[in-house]
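J.: Here is how the chains run, residue by residue.
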Amino acid sequence: MDPNLSNVDFRDFWQLAPATVLSVWGLVVLLADLALAGRMSAPARRRAIGWLTLAGVALALLAAAGLIQVQQLAKAETQGTPGWLSPSLAEYFSRAGGAIFLGTLSADLQTGVLNVLFIIMLGLVVWQSMAWSFTEDWGEYFALVTWATVGMMLLAASEELVTLFLTLETMTICLYLTTAFEKTRRRSAEGGLKYFVYGSVSSALFLFGLSLLYGLTGTTQFESIREVLASTGPAARGLSGNVTGATALLLMLVGFGFKIAAVPFHQWAPDAYEGAPAPVTAWIATGSKLASFVALMKVFLHALQPWSHPSNELLGPGWLGVIAIVSAVTMTYGNFAALVQRNFKRMLAYSSIANAGYMLVGVAAASVSTRGAEAAGSVLFYLVVYAFANIGAFAVAAWLVRDKKTDDIDDLNGLGMQSPLLAICILVLMLSLIGIPPFAGFFGKLYMFMEAINQQHAKAWPTLMGLVALGLMNSVVSAFYYVRVLKAMFLREPGGSRRLGLAGGSIEIPIVIGTLVAIFFGIYPGRLMSVMQGAAVSMLTTTTSTSGGFASMISAPSGTGYAPLPPAMASAPASPKSTRLDPEQAKKYADRMKKAEAQAKALASPGAQPKNAPPGEAKDALAKKAEAQQEDQ
Amino acid sequence: MASDIPLNWFLYFAAASFSIGLVGVLVRRNAIAVLMAIEIMLNAANVNLVAFWRYRNAPPGAGPLPGVILALFVITVAAAEVAVGIGMILLCYRRWRAADVDRYDSMSG
Amino acid sequence: MATLLAITVLLPLLGSLVLILAPRLDRSAARNIALGCTLATMAFSLILLASFRTGVLTPQFAFEPQAGTYGLRWLARPDIRFAFGLDGLSLWLFLLTALLMITAVMSSWEAISERAPLYYAFLLALETGLLGLFASLDVVLFYIFFEFTLIPLFFLIGLWGGPERQRASIMFFLYTLAGSLLTLLGVIALVVVHYRYSPANVLTFSIPELTRGLATLPWPRWHEVGSWSSPQVLIFLLLLAGFAIKVPMFPFHTWLPLAHVEAPTAGSIILAGVLLKVGSYGLLRFNMGMTPLGAVSLFPLLATLAVIGIIYGALVALAQTDMKRLVAYSSVSHMGFVVLGMFALNSTGLDGSVIQMVNHGLTTGALFACVGVLYERYHTREMSEVGGIWNRLPILAFFFILSALGSAALPGLNGFVGEFPILVGMFSESRRAAVLGGTGMILGACYLLWMILKVVFGPLREPAADHEHAGDGNDHAAVRPVGWHEIAGLAPLMALIVLIGVVPGPFLDRIRPSSGEIDKNLQSQRGSSTVAVATTTIPLPNITAAPRNALKAPQGKRR
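Going line by line, the protein sequences match chains W, Z and E. Numbering-wise (this note's numbering), the first sequence opens with residue 1 and increments by one. Numbering-wise (this note's numbering), the second sequence opens with residue 1 and increments by one. Numbering-wise (this note's numbering), the third sequence opens with residue 1 and increments by one.
Calculated from the structure, these hints are not laboratory results. Predicted, not measured: the structure shown is a model, and the values here were computed from it. Do not rely on the hints blindly, as some may be mistaken.
Facing chain Z, a subset of chain W residues (Cβ under 7 angstroms, in silico) [unchecked claim]:
1) Val162
2) Leu166
3) Arg186
4) Arg187
5) Leu193
6) Val197
7) Val201
8) Ala204
9) Phe208
10) Thr219
11) Thr220
12) Val228
Pulled from the structure, derived: some chain W residues nowhere near chain E, Cβ distances all over 12 angstroms [said to hold, decoys possible]:
13) Gly38
14) Ala63
15) His302
16) Gly495
17) Ile513
For glycine and all other residues, C-beta sits at the position ideal for the given N, C-alpha and C.
Same shape as in the complex, but just chain W (with noise of 0.2 angstroms):
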């Protein structure tokens, strides 16, 4: 056995604490339900448990955000040790960063905003649970969503295949049940064993592919396949000649191409769409998705970045073509297909399935690109926009359900006489998923492309350019079908027998943050990008001799004052990442750090530079982090 198992540092837990929280309060829930389940009435035990479940999430935001505030202190040495941190801990989180248990998972910048995000995305899809009584279950709902999340964070930071598999697992499970979870109707159970029996398949495949992967690489860490990878062998040959290689990275992306509901691995989505509860439709649409996303970018993107060679045949020898054809043709099939759907939350589906498909051309920009980075942050952005305009639109998904009976297109009718308000932050979140301006996912669409055009490599600008002209076709496409939706509820007069009551606060409120997240990050994008742009970083972290342009941010000068440690704390086990390195390895490491620098300096001489380098806090943060990565060397 690896004799460095018991190197583990306990003082990891703490920077697990929202996960934990979560995982605990699901336990705290399904108690308190036991409790109260004689006692109460199904609609107040949902009120009851929902309001406990809500408090269980303010606590792990606290945790969450706690955490980022403690490693930000702990890392700003200037003021010194906080107080209360006791020594050991103050010295843990002033040189934890990158990667905790082992290199098991990240805990840095980027696992710190996602979960912040997906604590807040939970808190919304719980309080618009809360709106009507689709079950009776409530504390094993209500445990069962806040466990998804957990799965959720920790996939987001897994840092290699094996917890990235069963974080994976935990939040599919998670969500097949509760799909399955309104338990009157046919088309949940329905909706929930489609999705289990095409996610389970799914899981297989990807499991088989990730065992090809670790037999060709002896590894499952995503740094050390990466660096497997990217020293056997010329990279111009690729996959090309290498069966097993390229079985296991189809596999994968199969793997990938179910959960983010990639046509053609799409069909389970509109079933398990319409058929979940609407909260747990919103939840798969967006939380999963974003997970999902995060972790395919990180396999790809990361750990087998050497595999992705660009070339100017769309089937060259490497997964570029295949990502390429894939959002081809995911976007088109999935917006075509929206067109004709008559329920709101199969539309919606549909159009989540369309999504994935521009966001694989940020992928698929981000593979390429001597600004890998920027592009990968671009998809963060997006995902994050359109995560919450979904939120939104799937709590009007929910007040239909609720009042109507049915969330056809058409109930909508009318909506816009008889709560304005309403109506117009559904037009919004509508105008946003459209990408029409000034609203965010305009500048989401925008930025994404934007790095796709602007990737300097030749061969794969052809194909990028041709996938950006596919995609803003498409969001022409796209804006035929969200119109419906707009003529639906200001145009047409309301009509059918049962009319929409008063919202409530369990629809609003997620109505109008969908909303306000639309209009503020359309007139305000600046700071969430860069915010995401440093996260992709963190995601996408160590550097490599191939990427130019991130080399040269990684290791920008930096102005602030931030001190080495002592080389006696330096050479302690400080990331495990490197303590897991031996002397040879390291040494490369260095060498190729070295190497990035000298490129960096060669692109920093006027006129290779790109002009528009990071802002000057992300720089810092980048430079902080390339100098905390050769102190560990």
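Fit chains Z and E to the supplied structure of chain W, relying on the hints for placement.
T.: For chains Z and E alone, kept in the frame of chain W given last:
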């Protein structure tokens, strides 16, 4: 890592059983049979993982979790999936009085 | 002044927010707020006009923290700026917007009774969109306003329009959105090309900087003249997609009649008066200004389309019996002139084109307003059911005649000042196109006079008994006289129709520096080599390197 059985044999076996599982998922209409086929696929991956763990040297920086650990976890995951799957199938069976996946078609489009 | 410009642009939006958020406004309060807002905006615009320096190329009233950099930083990266400024191309359109908005509010004075606050809120939001669009000095900001105008107009047509309003609003929305996304792609491509191939690798979104930088881009293939594979031509076509739909140019005009007919009067005024100009302004700013080679390479095609548009629009207009539809098709025809003037590729044509945009805004806006006034009284837009208003509503009849004559380019009125230079400019380029365009002018006179003859002079007709409006007290009296608000809305337009016709000098002086720059870029593109575009399928003569001093050059070397 001298061994009586070459690594390839394990791989062929795993690939074969994986294919059997995949075909089973695609061909069988009975939900329980589909579930079993999924289990076969998961176990095929397990065979791969354990074989690779036994026959391959880990490169430096390989991380703390070798394939055999994942295989152990996969067994757990498979158990969880079966539990969930059986529950779902029962739920559907109660509504449709059939365990045939083709029958569950209340939604389309 | 920079602050004043920003205030002018954002003031209507403020009014719009007040109208939406203020509780329980009644109709008269709403329209008073709207009127106040538009009047204040107009007043500010006039101050801007008064302090506009003639003969300056650089954008004026722009906040300029460093030389050559305009506006406040909005996003750090990429460097998108919140930059406003006016130059010769945008100044008059900016003022036109401010002016026509007053007319729009006035013409809605009595017509709009349902949900008036919301209506005026959309109208004011639309004003901000348009003013911001013309004042933007940043391509992203321009695009944002460009798209933003869709939303209020979608609702104005969809909620307060005629019987087919749903179809009209959705068709309008989707049609323009489809084009504008291609334009977005073109705009991004422009920025990226400038970033990658400019000597200093500047990633800029600033319109003046891009215009300057792209003209001197040292990228060999960017300058390849006459080659269809040149990226300039490709980008030109992408940009064209959105603008051609807005203008609308000939094969893309199908959304326009429907939208015009269904829109409420104010919507038609703004749509025809300002929104179509957005398309031609974009063509001028982006297609001509930033991809001059594309313009030079493709001009035979575009000039042909413009001529087809002129004649087709005029012929279809001749066949109309519905006044609004007639004016709508006349817009297709007259906007054809605007495009034709641009693709004359010389300064005469360009000047004519810019001034013609303003003229068309004034005359068509006025015509739509007149038709709206009539519709309020007769509840029909059929020419055969309205007649003899000269005897009934003399002031309106006078306005109607004046704007129709202005539109028909009677010498001494504004239309002539625009269309004549366009034809002269085109004549030096292609005689055939100029002659065909001239035919359009004659046809224009025909249908406009035909309409005047029937509506203004024919036998007096009273409004048909209208059950739908029988409840309205006013309608029992045969015809309500023209109200003060209708006169107030139309009179400034009339004054300008005459003024531009009589003294065009001050107007043209302010346009010239900017149009001159575009002309300079175009000429440098043409001067660099001869253009050899296969014209076998295009019924226009090849252009040659003829002297570009158009006014005296019909005798240039020609095939």
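J.: Does each hint hold? Answer for all of them.
T.: Hint check:
{"no.": "1", "hint": "Val162", "in the structure": "holds, 4 angstroms"}
{"no.": "2", "hint": "Leu166", "in the structure": "holds, 6 angstroms"}
{"no.": "3", "hint": "Arg186", "in the structure": "holds, 5 angstroms"}
{"no.": "4", "hint": "Arg187", "in the structure": "holds, 5 angstroms"}
{"no.": "5", "hint": "Leu193", "in the structure": "holds, 5 angstroms"}
{"no.": "6", "hint": "Val197", "in the structure": "holds, 6 angstroms"}
{"no.": "7", "hint": "Val201", "in the structure": "holds, 5 angstroms"}
{"no.": "8", "hint": "Ala204", "in the structure": "holds, 4 angstroms"}
{"no.": "9", "hint": "Phe208", "in the structure": "holds, 4 angstroms"}
{"no.": "10", "hint": "Thr219", "in the structure": "holds, 4 angstroms"}
{"no.": "11", "hint": "Thr220", "in the structure": "holds, 5 angstroms"}
{"no.": "12", "hint": "Val228", "in the structure": "holds, 6 angstroms"}
{"no.": "13", "hint": "Gly38", "in the structure": "holds, 48 angstroms"}
{"no.": "14", "hint": "Ala63", "in the structure": "holds, 31 angstroms"}
{"no.": "15", "hint": "His302", "in the structure": "holds, 23 angstroms"}
{"no.": "16", "hint": "Gly495", "in the structure": "holds, 15 angstroms"}
{"no.": "17", "hint": "Ile513", "in the structure": "holds, 19 angstroms"}
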